[in-house]
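There are 2 protein chains.
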Amino acid sequence: MNYRERYNEYAEEFNGVLKEFCNNLDCRPEILADSLRYSLELGGKRIRPVLTYSVGDLLGVERKKLSNFALAIELIHTYSLIHDDLPEMDNDDFRRGKPSNHKVFGAGNAVLAGDGLLNTAYSLLFKECVKGAEYISAASFICDCAGIYGMIAGQSADLLHEKDTSYNEPTLNFIYENKTAKLITAPVAVPSILCGGKHFAELKAFGRDLGCLFQVTDDILDVEGSFESLGKSIGKDGKEGKYTSVNLRGLDGSKLMADVLAERCRGILEGIGGGNEFLLNLVDDVRNRKA
Amino acid sequence: MNYRERYNEYAEEFNGVLKEFCNNLDCRPEILADSLRYSLELGGKRIRPVLTYSVGDLLGVERKKLSNFALAIELIHTYSLIHDDLPEMDNDDFRRGKPSNHKVFGAGNAVLAGDGLLNTAYSLLFKECVKGAEYISAASFICDCAGIYGMIAGQSADLLHEKDTSYNEPTLNFIYENKTAKLITAPVAVPSILCGGKHFAELKAFGRDLGCLFQVTDDILDVEGSFESLGKSIGKDGKEGKYTSVNLRGLDGSKLMADVLAERCRGILEGIGGGNEFLLNLVDDVRNRKA
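In the order they appear, the protein sequences are chains A and B. Number 291 marks the last residue of the first sequence (the working numbering); no jumps. Number 1291 marks the last residue of the second sequence (the working numbering); no jumps.
Heads up, some of the hints might be wrong.
[As the list claims (entries may be wrong)] To be clear about the criterion: a stretch of chain B counts as covered by chain A if any three or more of its residues have a C-beta under 8 angstroms from a C-beta of chain A, and this derived list gives those stretches:
1. 1017 to 1031
2. 1112 to 1125
3. 1133 to 1145
4. 1156 to 1170
Simulated from the structure, these hints should not be mistaken for laboratory data. Everything numeric in this text was worked out from a predicted model, so none of it was measured. All C-beta atoms in this analysis are idealised placements derived from N, C-alpha and C, irrespective of residue type, glycine included.
Kindly produce the complete structure, drawing on both the sequences and the hints.
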């Protein structure tokens, strides 16, 4: 099986888990369940669950241990997109080629949909905690990654510097490492935590670099991509004077930075060894992605 | 010590815990930490921690077991107020006599402040989970109360019926039992869960009735109270055709309902017995509150 087939297999396996979760949602009123399902079923690359499953395979962690963690992380990711798209935040009308949650359900319901997904992620994880100390540890790690010393700090800094054009490296790194990379580190580190911390430090570093790479290529695509391939508004981040790699380093500087980050990711994976071919291909895939 | 002195003692003890939490917050950027502290330190009655501490005393649960649970619930309560006050939700400019979070920090930061408080509540609770099965159970119970089958369901129904003037009892009860009573049930039930479920069913019923009583007296105060005593806009809920007890049952009907709920609360407490005098007084206090 080649890389692409394997990626799709992981993603499809996760989509099955997600589908079951969506089918079992029976909260009232109906608009609440509908708004949760709408954003969860918009699709997307599912890179976070793919990372959890593939790192799990590398470390030999059983799939059934991982699936609720992968689900919880995807719920957290989806909540962050819904709140990020709100008019008072990034004000994006499109997500994955379809109208954003607040364009369909209104901003009030979108606030609640985001809150609901975040809370449901932790409801799932508290139920995992009864299985043992390593489950508690993994759940706690995810929660910290998503929180005020993690993703939310990055979002807050991003919002603060929205109209700030005096770009500097430390601020950009703070935003990228928190806003994007923390929720890439979580799915990468969870399988390690669940098997007693095998390669934990390396995988944490891998998650950080891969997350930053993901964000830098996002910035490049914001300049070079198209609405058709990305399914969201393009040319928006740069124009509004946001903190982006392209605004700080230019397009060529950003491509160079992406190469450096990809090389660091490969170096870490080679250090870990084992059946790491899929993850090595995934690094190239993120580096060269067109969507 | 009389009822009022004891209430204040519980509240002050909790305010010490909260103060320490606020002092130790050192997330970046500063506006994030400031916006969290602002809403946490606006004051308020602190009825939820007072309930946790006093039910804990009734059941003989050590205070040190309770304080992070009380803190987490107050964080969740505060997040719900911040999001509830947003322009797209209840659009309230005042809370506890001061400008709402979004009036001070802007709506984008208020969304993040709410997200941050919710996430931090669970970060605290995951750290409690390592202490044993009853801690996991209590944390999970709180999370479910706050979630899409609890508080968020109630908020969603409240928003859905915002302009609906065909009031009916089942919808009102659904909103009250979820939006308000679930996050009164959590602080009442937690001490029971932490000591192996002593009087759990009775305390759950007590929390539901007390929460509904609290909401009915809120509706009465919205008609009869003043901005000065309440610190928030009054006459707003009724006017906008919202689902309130007064709109459904009238003012006299609501007072009668409040008497019925208070009587049910007293009945449950008498069934439990023990040193329940403080809680009996608290029921009267909620029934007759002017703020």
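Hint check against the structure, violated hint numbers in rising order: none
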